[in-house]
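Listed here are the chains, written in short residue letters.
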Amino acid sequence: MTLQQPLVCAIPDRNALADINRYQDPTVIREVLHTSRTIAIVGLSSNPLRPSHFVGFYMQRHGYRVVPVNPNETEVLGEKAFASLTDIPFPVDVVDVFRASQFVPPIAEEAVKIGAKTLWMQFGVISGEAARIAEQGGLHVVMDRCMKVEHARHMGRMHWLGFNTGVVNATR
Amino acid sequence: MTDDPRAFGFDTRAIHAGQRPDPYTGARAVPIFQTTSYVFEDSESAAAYFNLQEYGNTYSRIMNPTVATFEERVASLEGGAGAVAFASGLAAQAAAMFTMLQPGDHIVASGALYGGSVTQLKHLSRKLGLALTFVDPDQIDAWRQALRPETKLLFGETIGNPGGNVLDIRAVADVAHEVGAPLMIDNTFATPFLCRPLEFGADIVVHSATKFIGGHGTSIGGVVVESGTFDWSNGRYPVVADPSPAYHGLAFHDTFGIYGYLMKLRSESLRDLGAAMSPFNAFLFLLGLETLPLRMERHVANALGVARFLQQHPAVERVRYAGLPESPYRPLVEKYLPRGAGAVFAFDLRGGRAAGQRMIESLRLWSHLANVGDAKSLVIHPASTTHRQLSDDELAAAGIAAGMIRLSVGLENLEDLTWDLERGLAAAEAASRSNHVGTEVTAS
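Which chain is which? The protein sequence lines are X and U, in order.
Under this note's numbering, the residues of the first sequence are numbered 620 to 791, in order.
Under this note's numbering, the residues of the second sequence are numbered 100 to 543, in order.
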């Protein structure tokens, strides 16, 4: 049954974008995680088993304000849901996208319009066009990276479960 | 900022990967967290840990900070998404299979796997309702011909034991991926210093850490590394992809993506099978890893020296070291093991079984025991020890002769190792001669 649902985390075609590494720079990722406070999650589900809910729950636990953007929800994780980014009546730092890649360019346009500072596309969400729109609007762009994993890698406890964080640091 | 991204080298990661100096005490060595359990900050945090919504420590059967340092270090050296450690290499293999297979599934495995692995596969497949086919690992067509619609795993070894077969990992990985199955590789004999199977298309790497990773013969342990790139949601692995009843219907691969298999391996297989690595053993394995590059260079240099010595000795019929230039595996060694073909290999004595036993009994420096990958040089007679569970046909299929001696070449002075072998070979020759005379007397 689950196999028939769209799989946000299914193995994506990374060859679709030659310079994808440009959007996975650890320096940018750390800066975004350190300086952002409000994260609008497009496609955030109230179903606690969905990847978007895991990410929203985790980011909220780590002190970020999570803003659900999903026309099918009224409230997620105790926060009022908005039908679209342009409906949010306060500033947003990061737009984090849990939608299939082809739906991302109009979301990027809205992210520029509301003055967000970063467009973050989740693991498996890959859109060169959305990246261009956001970059031309002056936004940082992160692509094909999970925000929860990147937070846990650089600022959290991912290393407690034997995952390869790629972090080598001999300072206290 | 000190955030300049840098791809650190293998030797640096062998020392640093997985560890950040303890923020509480500043301890530079990896602390041994000898604790069963961990105090929760509050009940909300405890719930988040048990629901897998947050990375947290709950109970050392499932995770431990010292063990996690070892796991991340091995994952870094192998180039995987992560790793899960176990109480032994065989426990690691069993859990790796337990996580992905269900009754009715079929495994294709190399007939030249370590004898303990062959025995494990035969017993587990019979008890768990799995089908099993052993193939000649050198014949790529044999792997392909063994495939069935229900084939869910291909399993080989970088360097076979004790035949010295070097696996064409890329070719077997391609065969596996043609049918949407993963390739699992036992990389114990090569270690990630000599070969990194994930770079050649393998999906899972298993190790007996007991051997070269530990390096000093002190501790039993194992580890599973996964690439994160295999598509467990391809419809063939419901035990990985389907909702888990134990976690309120959580679909591991869907939810955790490239970490899905590893999460399942830890939070279900390790939890249920319970073969956790002890923190103290993890500490010793970490010490081993710090010197792995230095030790493997010396292991390989000594192995080549011993192989050349044996090759020119009249009592020796055949040396099966893949690192010798005239080895039939030379093209595969150049591709997969350019820094050396390991330090475990076998040779055949001219005198057969009696000569083999006499030789082992005559050695002074080489220890007669059932292990490999120690700083100390080790020797064994496989047909009467490690492979004694195998039938004669299976022995032959694994390329084992009655007079075969297996060596694990250690880190001593090469001239001392060959001095001792020379004494042993002289004794073997004497045994062979008296045996020959005795046979003539009986015949007349």
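These are calculated hints, taken from the structure and not from any lab test.
Each hint should be verified, as a subset may be incorrect.
[Claimed, not checked] Label-pair distances were calculated between CB atoms; the ranges are:
id, chain 1, residue 1, chain 2, residue 2, range
1, X, D644, U, D515, 38 to 44 Å
2, U, T134, X, G785, 24 to 30 Å
3, X, P725, U, A345, 38 to 44 Å
4, X, P725, U, T390, 52 to 58 Å
5, U, R247, X, S703, 47 to 53 Å
6, U, L393, X, P725, 55 to 61 Å
7, U, T218, X, D644, 46 to 52 Å
As the structure is a prediction and not an experimental result, all values here were calculated from the model.
Ideal Cβ positions, reconstructed from N, Cα and C, are used throughout, including at glycine.
Status of the hints after comparison with the structure:
no.	hint	result
1	X:D644 - U:D515: 38 to 44 Å	violated, 53 Å
2	U:T134 - X:G785: 24 to 30 Å	holds, 27 Å
3	X:P725 - U:A345: 38 to 44 Å	holds, 40 Å
4	X:P725 - U:T390: 52 to 58 Å	holds, 56 Å
5	U:R247 - X:S703: 47 to 53 Å	holds, 51 Å
6	U:L393 - X:P725: 55 to 61 Å	holds, 56 Å
7	U:T218 - X:D644: 46 to 52 Å	holds, 49 Å
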